[in-house]
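In the order they appear, the protein sequences are chains A and B.
Under the numbering used here, the letters of the first sequence match residues 1 to 322, in that order.
Under the numbering used here, the letters of the second sequence match residues 1 to 322, in that order.
Please note that the accuracy of each hint is not assured.
Pairs count within a copy or across copies, as identical chains cannot be separated in the list.
What the hints assert, rightly or not - The calculated EDC-like cross-link candidates involving lysine to aspartate or glutamate, where the alpha carbons are at most 16 Å apart (straight line), are: (1) Lys137 - Asp157; (2) Lys299 - Asp163; (3) Lys34 - Glu50; (4) Lys137 - Asp163; (5) Lys225 - Glu276; (6) Lys240 - Glu276; (7) Lys297 - Asp163.
Bear in mind the hints are in silico, worked out from the structure with no lab data behind them.
Given the structure is predicted, the values throughout are model-derived calculations rather than measurements.
Protein chains: 2
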Amino acid sequence: MASKEKDHVVGIDIGGQTCKLGVVDARGDVLAQKVIKTSSDPSAEVVIAELAEAVRSLVAEAGMEGRIRGIGVGAPNGNYYTGTIAFAPNLSWASHGSVDFAKMLSAAVGGIPVSLTNDANAAAVGEMTYGVAKGMKHFIMITLGTGVGSGIVINGDVVYGSDGFAGELGHTCAVRYNGRPCGCGKTGCLEAYCSAIGVARTAREWLELTDEPSSLRSVPEITSKDVYEAAVHGDALARKVFEYTGKILGQKLADFVEFSAPEAIVLFGGLARAKEFLYEPTLKAMNENVLPLWRDKVKILFSQLKESDAAILGASALAWEL
Amino acid sequence: MASKEKDHVVGIDIGGQTCKLGVVDARGDVLAQKVIKTSSDPSAEVVIAELAEAVRSLVAEAGMEGRIRGIGVGAPNGNYYTGTIAFAPNLSWASHGSVDFAKMLSAAVGGIPVSLTNDANAAAVGEMTYGVAKGMKHFIMITLGTGVGSGIVINGDVVYGSDGFAGELGHTCAVRYNGRPCGCGKTGCLEAYCSAIGVARTAREWLELTDEPSSLRSVPEITSKDVYEAAVHGDALARKVFEYTGKILGQKLADFVEFSAPEAIVLFGGLARAKEFLYEPTLKAMNENVLPLWRDKVKILFSQLKESDAAILGASALAWEL
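From just these sequences and the hints, can you work out the full model?
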């Protein structure tokens, strides 16, 4: 029998709470997937052995033994150049030093090559390979989740910069210097306003500062999901929170357009589900703040990838380049 | 006799007042150069014929007939992809439409290939070919002149973006939205603060708003050069103007670092001559505003190219890629 073609890849999305794994074919169909609890073991060796075992059983389940071309991994603080995960605050096993992740995982799965980058860069590769950015050579992916991540594509390649860490647009300065404190230690970052946490905070601040009636006043611990649901039900304050958030986002997108002149900005992540409230103010603020030559020319798109598959697809897409 | 090797290039820098031309060898030596008054003829055909004549006579003067590999041109609103100059407010012959400059000039000089980009991108290629960025794959050139221009290099290539106009960092938002009006029609642009015009304006504003003694009070029409000279002579207000300018510049450089993670930022242009007053506050503000992973890692360098040659060298460097 002829040796089987290596025509499938594995995507792994490493998060603070869970790791998602999937076996993916060339069309972007996820043949098998599973979610495992992210190990709290402080030893990277133990964690990688667990992941390797999960990969093996998933590949067997999909009937794809011997047909895996490579493994793509999206991980916080993942570095494409070095294959390491270093000082990732939410990963107990990679929070206090640098873990030679790609090399170790590859060895643990019998030599299948492993490519690694951060989650937002993986999402950008995913959109370019399977999503709304298919065929685009120049776009910027912004992930609006708990934080704000970004992946920048220029000439069809993700921008990694001189050190592998380029594309931290969530930590560019929005609104003003000395603005809100951000989790990164700086103040005024885009992430402090345009993340799920930022939206909830804006709502809480406005409720405190005004007497405006709002259904949110009866919610004890407001989350961005509460704000979204209030907006859906017509709550004026909640809608204004999204207008404000979109305006700040659009202002910064204008800066990014002036940097790399992309065809489109692609928005993804939990907060991007509030498309109906975010799209108009974001687009308006972006167009008001770009040079005339880009006005009404750069598209704002929302990822169409199935939410449950997107992280796996993004990571897996990296592996096609191996 | 064997045909001569095409081992020289011509650089042309097109400005609002003058055009500079030079014949350059592979080491970056300018063998012959001349400055001609920029034609105010509204016909692009006439202007291009004049330029072609100037190229021919300069090449003859250098004794390099038949040895010109290509012509590189830096021009306001020059587009690398299309070879056009379009809607350039300071060029009477290219202010109201698009001029097919590269093609027309090439035809007018007997088919020598012509490559075109804007002046700041040309400066970036010049630094990479002959200057302080030699050997660098990732850096950002910022030209601090009458305006603020920029050329971004990633993986050894200038970033032109989807349309050829990427790298307008002078028009990203500094200080605050709704800040100073900028020549581009927007408000709060970096250029409104960190250009020669911006420095002069800051000085004039401060003189009006305070009673602080300053030698600048006796200067009728303050320019950035006046501010620089006052600073050299110890004027406290003038020095504070540069501190303020450097702080604003450094804050925005931090955003740019978070975009493309360059090895260095290279500063060039008339205002960059105030290095002794700009360097410290710029570096300090950049380091205070980047993520910890880049703190004290990204260099700020000043162009070392001979001022009189720099524009020609930058443009000429483009031609080596032809």
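Verification of the supplied hints:
For a Cα distance limit of 16 Å, the shortest separation of Lys137 from Asp157 qualifies both inside one copy, at 8 Å, and across copies, at 15 Å. Within a single copy, Lys299 and Asp163 get their C-alpha atoms only as close as 29 Å, which misses the 16 Å cut-off; across copies the closest is 14 Å, which meets it. For a Cα distance limit of 16 Å, the shortest separation of Lys34 from Glu50 inside one copy, 13 Å, qualifies, whereas the shortest one across copies, 70 Å, does not. Taking CA atoms no more than 16 Å apart as the test, Lys137 paired with Asp163 passes between copies only; the shortest distance there is 11 Å, against 22 Å inside one copy.
Taking the closest pair of Cα atoms, Lys225 and Glu276 come within 16 Å of each other only inside a single copy of the chain (14 Å); across copies the shortest separation is 52 Å, beyond that limit. In this assembly of identical chains, the alpha carbons of Lys240 and Glu276 lie at most 16 Å apart only when taken from the same copy (13 Å versus 47 Å across copies). When the C-alpha separation of Lys297 and Asp163 is checked against a cutoff of 16 Å, the pair qualifies only between copies, where the shortest distance is 10 Å, while the shortest distance within a copy is 32 Å.
Violated hints for the displayed structure: none, as all numbered hints are satisfied.
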